[in-house]
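Produce the entire structure from the sequences given, and follow the hints as far as they go.
If you read the protein sequences in the order shown, they are chains E and B. Quick note on the working numbering: the first sequence kicks off at 3 and runs consecutively. Quick note on the working numbering: the second sequence kicks off at 106 and runs consecutively.
Worth double-checking, as some hints may not be accurate.
As the list claims (entries may be wrong) - Okay, the calculated beta carbon distance ranges per label pair: (1) B:E240 / E:G84: 36 to 46 Å; (2) B:T246 / E:P9: 19 to 29 Å; (3) E:D15 / B:V386: 24 to 34 Å; (4) E:V4 / B:S203: 18 to 28 Å.
Everything labelled a hint here was simulated from the structure, so no lab data went into it. Glycine is no exception: its CB is placed at the ideal position from the N, C-alpha and C atoms.
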Amino acid sequence: MVPRFMPVLDVWDDTDDTFTVELDPGPAGFSFRPGQFNMLYVFGLGEVPISISGDPATSGRLLHTIRGVGPVTSAMRDLAKGDLVGVRGPFGVPWPVGLASSRDVVFVAGGIGLAPLRPALYHVLNHREEYERVSLLYGVRSPHDLLFEDEVTEWRGRFDMAVRVTVDTADRKWRGSVGVVTKLIPRAPFDPHNAVAFICGPEIMMQFAAEELAKSGVRAGRIHLSMERNMKCGIGLCGHCQFGKDFICKDGPVFTYEALHSRLDVREV
Amino acid sequence: MSTTAVVERENFEELFEALRARGYESVGPTVRDSTIVYDHIETVADLPVGWTDIQEAGTYRLVRRKDEALFGYVIGPHSFKKYLFPPRHTLFTLEKTSEGVKLVDAGDPVPQYAFIGMRPCELAAMSIQDRVFGEGPFFDTEYLRRRQQVFVVAVNCVETGGTCFCTSMGTGPKALEGFDLSVTELLGDAGHRFLIEAGSPLGEEVLADLPHRAAESGEVADAERLLEQAEGAMGRSLDTGGIKELLVGNPEHPRWERVGEQCLTCTNCTMVCPTCFCATVEDTQSLDGATAERVRRWDSCFTTEFSYIHGGSLRPSAAARYRQWMTHKLASWIDQFGTSGCVGCGRCITWCPVGIDITKIAAAIRASEEKKHALA
Ligand SMILES: Cc1cc2nc3c(=O)[nH]c(=O)nc-3n(C[C@H](O)[C@H](O)[C@H](O)COP(=O)(O)OP(=O)(O)OC[C@H]3O[C@@H](n4cnc5c(N)ncnc54)[C@H](O)[C@@H]3O)c2cc1C
Ligand code: SF4
Ligand code: SF4
Ligand code: FES
Chain E
3 MVPRFMPVLD VWDDTDDTFT VELDPGPAGF SFRPGQFNML YVFGLGEVPI
53 SISGDPATSG RLLHTIRGVG PVTSAMRDLA KGDLVGVRGP FGVPWPVGLA
103 SSRDVVFVAG GIGLAPLRPA LYHVLNHREE YERVSLLYGV RSPHDLLFED
153 EVTEWRGRFD MAVRVTVDTA DRKWRGSVGV VTKLIPRAPF DPHNAVAFIC
203 GPEIMMQFAA EELAKSGVRA GRIHLSMERN MKCGIGLCGH CQFGKDFICK
253 DGPVFTYEAL HSRLDVREV
Chain B
106 MSTTAVVERE NFEELFEALR ARGYESVGPT VRDSTIVYDH IETVADLPVG
156 WTDIQEAGTY RLVRRKDEAL FGYVIGPHSF KKYLFPPRHT LFTLEKTSEG
206 VKLVDAGDPV PQYAFIGMRP CELAAMSIQD RVFGEGPFFD TEYLRRRQQV
256 FVVAVNCVET GGTCFCTSMG TGPKALEGFD LSVTELLGDA GHRFLIEAGS
306 PLGEEVLADL PHRAAESGEV ADAERLLEQA EGAMGRSLDT GGIKELLVGN
356 PEHPRWERVG EQCLTCTNCT MVCPTCFCAT VEDTQSLDGA TAERVRRWDS
406 CFTTEFSYIH GGSLRPSAAA RYRQWMTHKL ASWIDQFGTS GCVGCGRCIT
456 WCPVGIDITK IAAAIRASEE KKHALA
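This is the structure in structure tokens:
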């Protein structure tokens with residue numbers, strides 16, 4: 003349960019409240035699968051679960067994209083090159099990108115939910131020929147909150163991928179859609195009978211998106227979402243992350259909608 | 106394994122000697138603050154000799170017995186869990202050096218404990234925690250380190266408590282496995298004696314050190330009869346038939362709301378439970394920032410912080426927290442670890458300040474379910 007320490011290579015802001023920390027895992031690199039997370043530890047302050055947001059194909063730099071919300075995540079914003087961060091992981095069940103091959107792939111992201119999805123997006127784009135149509139439906143509160151803006155713009159320019167972005171509240175410059183991300187689902191290019199969906203964002207958004215996809219005909223077993231719960235250990239021992247019978251840390255965080263939907267309907271599980 | 110031996114009361118002391126000689130620190134029941142707790146014990150005199158406990162929902166009282174029984178009570182608020190999974194302990198200490206961060210070797214050897222007077226329900230609780238911490242894919246090395254060297258002296262329950270229901274949970278009143286020695290205390294006209302069975306080679310070795318003789322068939326039959334009586338004399342019972350489906354299928358049952366109105370969310374039930382394994386960590390650093398420490402301490406699903414994620418607690422209501430606790434104990438535990446998370450020790454009933462009773466809540470939910478079926 004002792005973390006491994008890795009030096010910070012760089013820290014940069016993605017939006018007003020979100021930043022990316024790049025760590026040097028050393029010569030051995032750090033292999034992980036898309037959707038897995040690490041427990042990141044700030045010396046003496048605390049340890050929190052953070053998804054890996056980089057490309058699984060480049061194991062030499064380890065990226066985490068973090069929103070500063072409390073003591074530990076805010077302290078991470080103040081990290082500087084050379085500082086040491088404790089890392090335990092990678093933990094958790096990944097996005098089943100293999101299951102999606104030869105199918106249409108639909109990514110649905112809400113806010114910072116794009117970060118845990120990005121490794122899966124990279125994987126799919128790195129192996130583009132293995133997949134049918136690929137789409138990214140991305141919803142954020144306002145245009146300021148757009149994460150990985152340059153990359154999203156680049157993906158938009160690709161002919162082999164459909165990217166739709168929507169905001170809850172637009173400003174005067176905004177030319178895209180306004181409204182919740184679920185509204186993008188009916189017009190997204192996928193065949194519901196041959197599609198796999200990966201959803202990440204606030205729980206309520208994931209629930210609505212999963213419902214909408216299921217309504218459109220995607221099988222509940224092919225809709226995947228990544229759950230978030232309080233975590234103290236990341237390895238199934240502290241009990242904090244329980245959601246009914248599942249430990250989100252080791253049985254998840256990625257689950258099928260089929261496995262979760264009856265629990266998502268109950269309050270305060 | 107071996108045949109049953111009889112050790113007379115005056116020779117029972119030698120058990121402590123035999124364990125000490127092998128490097129064991131004996132821990133077990135002793136009286137403190139009018140309660141039977143588990144602590145370090147040196148001799149028979151440290152045991153609650155001649156005491157018994159009267160337990161009911163929200164009530165615990167020690168009273169004198171008419172005899173000088175050594176084990177004439179059931180269980181108090183402590184469980185042996187505290188020795189294997191300490192309520193608070195340091196996981197690691199780190200130090201910043203010019204080369205980076207280095208682990209300060211704690212080097213604390215773990216005590217080699219002998220658990221004296223471990224009741225069958227507690228033995229069952231320990232085997233449940235063995236699964237929780239030792240089944241993988243990740244292991245709790247702290248727990249396993251301590252657990253590996255434990256010597257168990259189990260004591261069968263010839264008398265039961267007012268809140269006990271081990272018979273329902275299949276964990277007692279007789280210890281069937283997992284002990285080094287198992288003891289049944291016999292009192293009465295034929296004299297104060299202990300029927301002892303060894304459950305391991307080490308147990309046989311220790312038993313060989315005590316002056317003993319082979320048990321007579323009448324003595325074995327007496328013990329069996331007492332244990333059978335105890336089986337039928339449990340203060341509580343719980344119908345476990347289809348319990349998982351019953352609870353998982355009733356998350357919106359009105360009874361949760363009602364119990365939520367009574368529950369003080371004091372966490373007592375989780376603190377006394379011998380199987381609860383939840384913990385949190387506290388990270389701190391020295392004032393100069395040179396060293397940091399992580400301490401792990403018991404936690405409870407009855408606090409709001411337990412399920413806190415940015416924005417608030419996911420289980421703000423007492424009803425939801427009670428439901429989490431009971432559904433975990435009796436239902437989801439089965440999915441997670443292939444066993445119930447409740448051994449029927451009754452502690453959560455006794456130590457609940459408002460006397461909430463897990464067996465009654467389960468029965469109430471079952472009753473309305475049955476009524477529903479009857480009407481359908
Ligand atoms: C599997 C998983 C992946 C995550 N990935 C990311 C990510 O990629 N980027 C990101 O910014 N955030 C992510 N989070 C959320 C992140 O862990 C929390 O924002 C963080 O724990 C907040 O800690 P804090 O001390 O800064 O703030 P506080 O809100 O003050 O947190 C106090 C404590 O509560 C707990 N806690 C609070 N919020 C959460 C939460 N949302 N999830 C789990 N525990 C929480 C933690 O134990 C924390 O130490 C993820 C959470 C999980 C479970
Ligand atoms: S009942 Fe609560 S405290 Fe006990 S193990 Fe389950 S979740 Fe943890
Ligand atoms: S839930 Fe209650 S009766 Fe069951 S093992 Fe825990 S404390 Fe004992
Ligand atoms: S985070 Fe500790 S059990 Fe899942």
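We went through each hint and held it up to the structure:
Between E240 of chain B and G84 of chain E the CB atoms are about 40 Å apart, so this pair conforms to the stated range of 36 to 46 Å. Distance hint check: the CB atoms of T246 of chain B and P9 of chain E are about 27 Å apart, consistent with the given range 19 to 29 Å. Taken as a hint, the range 24 to 34 Å holds for the pair D15 of chain E and V386 of chain B, whose Cβ atoms sit roughly 29 Å apart. Look at V4 of chain E against S203 of chain B: about 20 Å separates their beta carbons, and that is inside 18 to 28 Å.
Violation of the numbered hints given earlier is absent; every hint is satisfied by the structure.
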